[in-house]
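Asks: Sequences listed follow chains A, B and C, in order. Just so we're aligned: the first sequence equals residues 0 to 310 in numbering that gives the first Met the number 0. Just so we're aligned: the second sequence equals residues 0 to 154 in numbering that gives the first Met the number 0. Just so we're aligned: the third sequence equals residues 0 to 420 in numbering that gives the first Met the number 0.
Take these hints with a grain of salt, some might be off.
The calculated DSS-like cross-link candidates involving lysine-lysine, where the alpha carbons are at most 27 Å apart (straight line), are [stated by the list, open to error]:
(1) K277/C - K230/A
(2) K114/A - K195/A
(3) K277/C - K308/A
(4) K56/C - K109/C
(5) K416/C - K289/C
(6) K103/A - K119/A
(7) K116/C - K230/A
(8) K105/A - K5/C
(9) K1/C - K119/A
(10) K121/A - K105/A
(11) K226/A - K277/C
(12) K56/C - K103/C
(13) K77/A - K105/A
(14) K5/C - K69/A
(15) K109/C - K230/A
(16) K19/C - K69/A
(17) K105/C - K2/B
(18) K119/A - K5/C
(19) K124/B - K181/A
(20) K195/A - K1/C
(21) K69/B - K31/B
(22) K181/A - K121/B
(23) K306/A - K1/A
(24) K124/B - K247/A
(25) K69/B - K19/C
(26) K289/C - K150/C
(27) K149/B - K103/C
(28) K367/C - K2/A
(29) K19/C - K150/B
(30) K121/A - K1/C
It is worth saying that the hints were derived from the structure and are not from the lab. Note that the structure is predicted; figures quoted are calculated from it, not measured.
Below, each chain spelled out in residue letters.
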Amino acid sequence: MKKRGIGYAATFYGTGYGNGFPDESRATVEINANGEIILSVEVSDVGSGGISVMWQIASETLNIDRNLIKLQYDNTSKMLDSGTAAASRQTYNTGNAVLDACKKIKINIDKYYNKVEIIKNKKVLTELYQKFISDNQELKYEGYFKATTSQVDLETGIGEPYWPYTFGINRAIVEVDCETGKVDVIDVVAVYDAGKIVNPVLAEGQIIGGVSMGMGYAIMEEVNVLKGSIKNCNYSDYIIPTSKDMPKVTTYFVEANEASGPYGAKGLGEPAMLPTAPAILNAIYDAIGVRLTEFPATCDRILLELKNKGV
Amino acid sequence: MIKVTMTVNGKLYTREIPPMMRLLDFIRDELKLKGTKEGCGEGECGACTVIIDGDIYNSCMVLATSCEGKRITTIEGISGAELHPIQEAFLEVNAVQCGYCTPGMILSAKALLDKNINATEKEMKEAISGNLCRCTGYQKIIEAVKLAQKKLKKR
Amino acid sequence: MKTVGKDIIRPDAYDKIIGKAIYPDDIEIEGMLYAGVKRTTIPYGRVLSINSEEIKKVPGVVAVIDYKMIPGAISHGVIFKDIPTLVKDVFKRVGDCLLLVVAKDKASLKIALDNVKVEYEEYKGVFTVEDALKEDAPILGDGSNILYDIKVKKGDIEKGFEEAAFIAENFYHTQMTEHVFLQPECAVSTIDDDGKINVYVATQYPHYDREEVAKCLDMNEEDIRIINTTIGGAFGGREDINPQCHAALATYITKRPVKVLYSREESVISHSKRHPMKLYYKTGVKDDGKLCALKVRIYGDTGAYASWGMNVLRKSAVHATGPYEIPNVDVRAQAIYTNNPYSGAMRGFGAAQVPLAHEAQMDILAEKLAMHPLQFRYLNAFKVGSVTATLQELKSSVGIKECMEKLAQIDNIQLDKDVRE
Ligand code: FES
Ligand code: FES
Chain A
0 MKKRGIGYAA TFYGTGYGNG FPDESRATVE INANGEIILS VEVSDVGSGG
50 ISVMWQIASE TLNIDRNLIK LQYDNTSKML DSGTAAASRQ TYNTGNAVLD
100 ACKKIKINID KYYNKVEIIK NKKVLTELYQ KFISDNQELK YEGYFKATTS
150 QVDLETGIGE PYWPYTFGIN RAIVEVDCET GKVDVIDVVA VYDAGKIVNP
200 VLAEGQIIGG VSMGMGYAIM EEVNVLKGSI KNCNYSDYII PTSKDMPKVT
250 TYFVEANEAS GPYGAKGLGE PAMLPTAPAI LNAIYDAIGV RLTEFPATCD
300 RILLELKNKG V
Chain B
0 MIKVTMTVNG KLYTREIPPM MRLLDFIRDE LKLKGTKEGC GEGECGACTV
50 IIDGDIYNSC MVLATSCEGK RITTIEGISG AELHPIQEAF LEVNAVQCGY
100 CTPGMILSAK ALLDKNINAT EKEMKEAISG NLCRCTGYQK IIEAVKLAQK
150 KLKKR
Chain C
0 MKTVGKDIIR PDAYDKIIGK AIYPDDIEIE GMLYAGVKRT TIPYGRVLSI
50 NSEEIKKVPG VVAVIDYKMI PGAISHGVIF KDIPTLVKDV FKRVGDCLLL
100 VVAKDKASLK IALDNVKVEY EEYKGVFTVE DALKEDAPIL GDGSNILYDI
150 KVKKGDIEKG FEEAAFIAEN FYHTQMTEHV FLQPECAVST IDDDGKINVY
200 VATQYPHYDR EEVAKCLDMN EEDIRIINTT IGGAFGGRED INPQCHAALA
250 TYITKRPVKV LYSREESVIS HSKRHPMKLY YKTGVKDDGK LCALKVRIYG
300 DTGAYASWGM NVLRKSAVHA TGPYEIPNVD VRAQAIYTNN PYSGAMRGFG
350 AAQVPLAHEA QMDILAEKLA MHPLQFRYLN AFKVGSVTAT LQELKSSVGI
400 KECMEKLAQI DNIQLDKDVR E
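Could you put the whole structure together from the sequences, leaning on the hints where they help?
Replies: In structure tokens:
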């Protein structure tokens with residue numbers, strides 16, 4: 000017999016290294032003789048869309064078409080240190096450094112070009128470059144951002160360990176097969192506050208990917224370690240969701256503006272996976288009345304719990 | 000060494016190769032076509048997907064010598080000056096994140112739509128179920144296949 | 000706004016859909032050698048001998064490198080430099096790197112690595128946090144098996160539970176998980192005529208890699224270049240050093256371009272894991288539905304090396320309440336060494352484990368209160384001005400109630416909003 004259940008879970012996530020650790024990002028922006036803007040920034044795009052985010056923030060701030068902005072993000076001898084692509088910190092921290100660099104050059108651009116229309120023409124930039132040269136303006140500007148957090152006391156926990164925080168809630172509907180213990184996740188609604196969303200379609204991609212990883216965490220994935228040795232080292236025995244396992248995912252963003260973020264943005268990469276697993280586990284309880292306390296909720300564990308409960 | 004002749008992306012190739020060479024290595028190392036990826040080497044992830052005579056295969060599980068006289072399509076072979084509609088669709092709906100699964104996904108989608116332009120969503124999910132993606136959660140990939148289907152029907 | 004907030008096609012997507020995006024394994028260089036490491040197969044012990052001399056004689060082998068040949072630091076780590084680049088004598092996990100072999104092609108490398116024979120003296124290891132905390136447990140860390148111990152206290156926990164109408168008390172056990180990003184680790188290194196080293200690698204932090212490679216080779220950071228290729232997923236699994244130093248070291252010694260490529264199996268064995276955690280949760284709620292007390296104990300199995308273990312458990316402690324205001328809190332979280340694979344960064348980073356517990360507790364209490372689980376969460380959720388368990392005031396951008404309102408609207412649930420302020 001298959002039983003349906005519905006579950007909710009809410010989470011929060013403090014972004015950045017936190018705990019007063021120097022969380023710094025740098026970026027440089029430069030105008031060149033070819034009529035291009037060169038944005039150098041250490042943004043490791045692990046698939047997250049970080050490159051696009053930096054590109055969009057620069058284009059918005061400079062009021063220059065993004066196709067005239069060239070990004071340099073891959074070589075340590077050509078970019079300054081901006082820290083890790085981790086802790087969901089790139090949009091907020093490194094985005095702020097890009098914003099800072101762009102604001103600096105923009106002050107000087109405005110002296111020569113002060114129109115509302117976006118600069119789309121290379122010629123305009125070449126002329127700008129020449130004016131920069133003849134007026135002896137700097138061609139290259141460095142942006143910097145440091146996140147503000149403070150170290151927590153190890154005995155009391157008092158402190159401001161992270162900033163800013165991203166929030167999310169998921170609602171999951173599952174179907175549990177009481178004969179086999181198999182859980183099908185049918186539908187997930189995922190609502191997040193990650194501040195201003197820089198690129199909605201990319202952000203939605205992060206969420207759906209996060210839901211899939213959260214689903215794996217809830218019902219499939221487990222590294223089996225015996226005497227320190229991993230027993231499942233391949234995709235045949237470390238099971239992750241496939242296209243056939245995925246529920247329908249609907250994503251919404253409520254954008255609670257964060258004044259210290261670039262255009263009000265916060266981080267998103269990690270928060271994207273947090274509420275899904277607990278929402279699924281709560282839905283399983285709602286469906287069959289047994290609550291698992293050891294994870295993941297594999298068929299075997301569910302059958303065992305059902306048996307223990309005498310269902 | 001064994002002599003083998005096959006057509007890859009419309010071009011005929013003859014090479015002398017070790018008998019146990021995998022098709023994946025033939026494509027990547029002999030022909031230097033690096034778009035076909037290796038994610039597991041055990042037939043489990045689909046990153047190495049290629050089309051052989053219209054059907055998809057994990058090229059890590061196929062011996063190159065078994066492809067004598069066959070027609071192989073890799074990611075490099077599906078578009079010319081213009082992108083293939085499936086590629087366009089992947090761009091347009093953001094079906095790409097890290098991109099490592101993408102060539103395999105696109106080829107699985109192509110093999111499906113070549114055979115059945117009226118494929119249902121269920122058939123699409125089935126068709127890419129051998130291609131693992133750790134980043135996207137698949138939904139946008141399915142959206143892209145649907146969009147490509149529309150584009151191809153219009154042609 | 001013209002660009003921010005718009006669905007722009009990401010600039011890196013084009014190369015990815017035509018198969019032209021370059022990941023490290025797609026790089027081939029004339030005269031390139033292949034390198035790989037022999038890894039430990041037992042969890043804790045000491046190396047007595049390795050048949051390095053024999054391996055040198057395997058056809059196709061160009062160099063056999065052990066820890067003595069490393070010019071600089073022989074270990075690395077994001078906080079503590081405790082992970083051996085090549086083991087000196089004692090090692091603490093399965094998968095530690097013993098010997099770096101460089102060969103002219105993949106096939107010779109495989110034969111050479113298969114023929115490496117290691118004699119160990121095996122030590123008794125510990126594999127659970129309970130065993131690691133026992134008096135007679137072998138000490139894996141710096142004088143103790145506790146890498147990190149943090150307490151978070153707010154209000155008066157005794158008084159808090161006295162006020163409770165309902166209490167939920169449970170143990171939870173979260174599992175170890177793995178990133179399985181699709182692209183296994185790979186690095187290619189080259190050397191310039193002036194001796195500078197270039198490492199092509201898919202990494203989360205090029206400047207960190209540069210620092211570690213420079214330390215390993217005892218060179219100036221300016222003489223090392225890290226080139227970040229297209230990255231085939233990461234999720235935290237590319238934060239610690241893996242093939243970077245080995246590739247650079249092999250190039251440094253042979254003066255040739257070198258590729259190090261992992262199989263899927265080696266990828267899974269080598270990099271960090273998500274901390275398995277044992278969590279004790281006791282949550283109290285008043286009869287008006289307001290949370291009044293929370294006591295939490297968290298034991299994180301941090302495995303053999305520190306990696307980000309401290310930061311992960313700190314994150315767990317800070318996020319143990321969930322996004323709810325609770326006046327009385329008593330949390331303690333510990334990162335504990337064992338001889339298991341080392342735990343470190345994985346998407347969610349300590350804030351992924353605690354929700355499995357705090358959100359179960361929320362549902363249990365909602366049921367006792369006979370309140371809708373969404374309403375119960377809404378009643379307790381943070382808002383602007385809320386004070387967290389670490390006494391941090393949330394001054395702006397606290398959208399959790401709005402998220403819940405949106406969900407209620409979608410699912411047609413009537414939320415009692417009077418309780419909002
Ligand atoms: S590499 Fe062939 S299926 Fe994974
Ligand atoms: S996009 Fe990264 S694996 Fe699919």
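Asks: It remains to establish, for every hint, whether it holds in the given structure.
Replies: Status of each hint after checking the structure:
1. Between K277/C and K230/A the CA atoms are separated by roughly 21 Å; this keeps the pair inside 27 Å, and the hint holds.
2. Using a Cα cut-off of 27 Å, the hinted pair K114/A and K195/A holds, with the two alpha carbons roughly 25 Å apart.
3. Simply put, K277/C and K308/A have alpha-carbon atoms about 23 Å apart, close enough for the 27 Å limit, and the pair holds.
4. As the CA atoms of K56/C and K109/C are separated by approximately 14 Å, the hinted pair is consistent with the 27 Å bound.
5. Of the pairs offered as hints, the one joining K416/C and K289/C holds, with about 14 Å between alpha carbons and a cut-off of 27 Å not exceeded.
6. At roughly 20 Å between alpha-carbon atoms, K103/A and K119/A fall within 27 Å of each other, so this suggested pair holds.
7. Taken as a hint, the K116/C and K230/A pair is honoured in the structure, with Cα atoms around 22 Å apart against an allowance of 27 Å.
8. A threshold of 27 Å between alpha carbons decides the hint, and for K105/A with K5/C the separation of about 22 Å falls inside it, so the pair holds.
9. Note on K1/C and K119/A: the hinted pairing holds, with a Cα-Cα distance of about 12 Å set against a maximum of 27 Å.
10. Pair hint K121/A plus K105/A holds up; C-alpha atoms about 16 Å apart against a cutoff of 27 Å.
11. With a C-alpha separation of about 18 Å, the suggested pair K226/A and K277/C falls inside the 27 Å cut-off, and the hint holds.
12. Restraint check for K56/C and K103/C: the C-alpha separation of about 13 Å stays at or below 27 Å, so the hint holds.
13. For a cut-off of 27 Å, the pair hint linking K77/A to K105/A stands: about 22 Å separates their Cα positions.
14. With a C-alpha separation of about 19 Å, the suggested pair K5/C and K69/A falls inside the 27 Å cut-off, and the hint holds.
15. With a C-alpha separation of about 22 Å, the suggested pairing of K109/C with K230/A holds against the 27 Å cut-off.
16. A distance of roughly 19 Å separates the Cα atoms of K19/C and K69/A; the hinted pair therefore holds under the 27 Å criterion.
17. Under the criterion of a C-alpha separation no larger than 27 Å, the hint pairing K105/C with K2/B is consistent with the structure, at around 22 Å.
18. Our distance criterion of 27 Å between C-alpha atoms is met by K119/A and K5/C, whose separation comes to about 17 Å.
19. Our distance criterion of 27 Å between C-alpha atoms is met by K124/B and K181/A, whose separation comes to about 19 Å.
20. As the CA atoms of K195/A and K1/C are separated by approximately 14 Å, the hinted pair is consistent with the 27 Å bound.
21. Of the supplied pair hints, the one linking K69/B and K31/B holds, its CA atoms being roughly 19 Å apart against a limit of 27 Å.
22. Note on K181/A and K121/B: the hinted pairing holds, with a Cα-Cα distance of about 20 Å set against a maximum of 27 Å.
23. For the hint linking K306/A to K1/A, the alpha-carbon distance of about 16 Å falls within 27 Å, and the restraint holds.
24. For the hint linking K124/B to K247/A, the alpha-carbon distance of about 12 Å falls within 27 Å, and the restraint holds.
25. Distance hint between K69/B and K19/C is fulfilled; the C-alpha atoms sit about 24 Å from each other, no more than 27 Å.
26. For the hint pairing K289/C with K150/C, the CA-to-CA distance comes to about 23 Å; that is within 27 Å, so the pair holds.
27. Between K149/B and K103/C the alpha-carbon distance is near 50 Å, which puts this suggested pair outside the 27 Å criterion.
28. Distance restraint check for K367/C and K2/A: the Cα-Cα separation of roughly 22 Å lies within the 27 Å cut-off, and the hinted pair is therefore satisfied.
29. Pair hint K19/C plus K150/B holds up; C-alpha atoms about 24 Å apart against a cutoff of 27 Å.
30. Under the criterion of a C-alpha separation no larger than 27 Å, the hint pairing K121/A with K1/C is consistent with the structure, at around 19 Å.
Checked against the numbered hints above, the structure breaks only hint 27 and satisfies the rest.
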